[in-house]
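A.B. asks: Required output: the full structure, derived from the provided sequences and hints.
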Amino acid sequence: MQNMTNNIMLKMTDIHKSFGELEVLKGIDFSVAKGDVLAIIGPSGSGKSTMLRCINRLEEIDSGKIEIMGRALAENGADGRAEYVDEAKSREILACTGMVFQQFNLFPHMTVMENLLEAPVQVKKRSVEEVRPEAEELLRKVGLFDKRDAYPGRLSGGQQQRVAIARALAMKPEIMLFDEPTSALDPELTGEVLKTMRELAQEHMTMVVVTHEMAFAREAASHVMFMADGVIVEQGQPEEFFAHPKQERTVAFLQNML
Amino acid sequence: MDNLLHTITLMLEGTQVTLEIFCITLVLSLPIGLLAALGRISSLKPLRLLMEFYVWIMRGTPLMLQLLFVYFALPMVGIMLPDIAAALLAFVLNYAAYFAEIFRAGIQAIGRGQYEAAKTLGMTYPQTMRRIIIPQMIRHVLPPISNETINLVKDTSLIYILAMNDLLRVARTIVQREFDMTPFVIAGVFYLVMTFVLTWAFKKLEAHYAKYDQ
Ligand SMILES: Nc1ncnc2c1ncn2[C@@H]1O[C@H](COP(=O)(O)OP(=O)(O)OP(=O)(O)O)[C@@H](O)[C@H]1O
Ligand SMILES: [Mg+2]
Chain A
1 MQNMTNNIML KMTDIHKSFG ELEVLKGIDF SVAKGDVLAI IGPSGSGKST
51 MLRCINRLEE IDSGKIEIMG RALAENGADG RAEYVDEAKS REILACTGMV
101 FQQFNLFPHM TVMENLLEAP VQVKKRSVEE VRPEAEELLR KVGLFDKRDA
151 YPGRLSGGQQ QRVAIARALA MKPEIMLFDE PTSALDPELT GEVLKTMREL
201 AQEHMTMVVV THEMAFAREA ASHVMFMADG VIVEQGQPEE FFAHPKQERT
251 VAFLQNML
Chain B
1001 MDNLLHTITL MLEGTQVTLE IFCITLVLSL PIGLLAALGR ISSLKPLRLL
1051 MEFYVWIMRG TPLMLQLLFV YFALPMVGIM LPDIAAALLA FVLNYAAYFA
1101 EIFRAGIQAI GRGQYEAAKT LGMTYPQTMR RIIIPQMIRH VLPPISNETI
1151 NLVKDTSLIY ILAMNDLLRV ARTIVQREFD MTPFVIAGVF YLVMTFVLTW
1201 AFKKLEAHYA KYDQ
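These protein sequence lines map, in sequence, to chains A and B. Just so we're aligned, residue 1 is where the first sequence starts under the working numbering, counting upward by one. Just so we're aligned, residue 1001 is where the second sequence starts under the working numbering, counting upward by one.
If you are wondering where the hints come from, they were derived from the structure by calculation, not from laboratory data. No residue lacks a Cβ here, since even glycine has one placed at the ideal position from N, Cα and C. Any given hint could be a false lead.
[To be verified] To give an idea of the chain A side of the interface with chain B (calculated C-beta under 7 Å), a few residues:
#, residue
1, Ser18
2, Met99
3, Gln102
4, Gln103
C.D. replies: Right under this line is the structure:
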């Protein structure tokens, strides 16, 4: 049991979040253990992105508790509203997370290599000579070593997304967050990105992936979570989840996806 | 012939004053404009309002009035500046305000995805601005900055009213003395050469920045 709690990389407890009048997250609880690949699925507007963005403080929760590798990023104060740790602490806690966006968000004024070097050099203050071999290795891994001197604007969407994954990995994160990484891609380009993600999963990277790719959720994920209207409707292991969904809403959603 | 040479020599001296005002104004107003732009988008409301007010005043009143104001009003409250410093003060304040508006629009045109990517990589706000946002902004604002810079060349002629011997004033002095319009034509040619060189330089810059475009 002791060992198990030590393995918890991310723990979200009773998360509530509203945008003005609109309550988007209505009490979310889940945790992710080391090496887990959690796929989050659900209809549009159900709060998946918001939930993911709350993990790394791109959005701030109203109440609840967020723990990352055993350290609280936010927890409720006496008034029942979430209080965040200060900026420096927050940065330190979140240093072990990396994120990949639907729109890639590469830095267009930097080459592929410069995109990878930027954060290790600027944030971690490491030397370019030290980081470059690691960056080259990552680019080889995602199959884009020969594009290292190209600008992102010259790459296909699939290539850009693989660079974005490599860029996040260059910071050596322990947890990778993906927000619909293939949704902005032409169908024929999703495969190469999913392949990269599968390889990452096989290397036991802890991953939280919001996705519409049911095949990926079924085959690469260790856990699947179905969200609707700001709550977790159902979660489980993919075989069980896809073969025997228990909730009506899940059944309806899965039928729609096929 | 000797006369023409003499005229041109005098006018080159005037050009020197013009270029001096131009260069110093540009070198000072660009960074000040950038700081003002950052102030205008700052999360500190008082700073934001102050910068908005400053830009509003500077863009809402004639540069000529600002020049006269600095030139005549400051001595009245006991601040004695050399002529050229007074002129520069007005020019820098005015141009920094215009540049600030251009920079602000350029910064705000950059999507929040860039900020978010930088944030998730652990970059601080100053790092994000310096390394990610401002370099991209510069490329977007080159055309309007180029326009303003060319305006500045021409606006330097306003110091004419402050009795400084810039290109235009030298030209007028000679015209009045010799009843000959040639100096005006020469002045026109000099201004054209300056704006032409600037246009060319900005084209080069734009081409340089276009390298990461599709
Ligand atoms: N910054 C925001 N301000 C106001 N409302 C927002 C904001 N971000 C999201 N919302 C709203 O919150 C709800 C949940 O949005 P969210 O993006 O989390 O959904 P999602 O499950 O990721 O949907 P999709 O599958 O379309 O990406 C939506 O109704 C959305 O309009
Ligand atoms: Mg979403």
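A.B. asks: Please check whether A:Ser18 passes as an interface residue: C-beta within 7 Å of a C-beta belonging to chain B.
C.D. replies: Violated - the Cβ of A:Ser18 stays beyond 7 Å from chain B, reaching only about 20 Å at its closest.
A.B. asks: Classify the hint on A:Gln103 as holds or violated, based on whether any CB of chain B lies nearer than 7 Å to its CB.
C.D. replies: Holds. Min distance 5 Å.
A.B. asks: Quick one, is the A:Gln102 hint okay against chain B at 7 Å, beta carbons?
C.D. replies: Violated - the Cβ of A:Gln102 stays beyond 7 Å from chain B, reaching only about 9 Å at its closest.
A.B. asks: Is the hint on A:Met99 kept, meaning its closest Cβ partner in chain B is under 7 Å away?
C.D. replies: Hint on A:Met99: holds, closest Cβ of chain B at ~4 Å, below 7 Å.
When the structure is compared with the earlier hints, violations turn up for hints 1, 3 and for no others.
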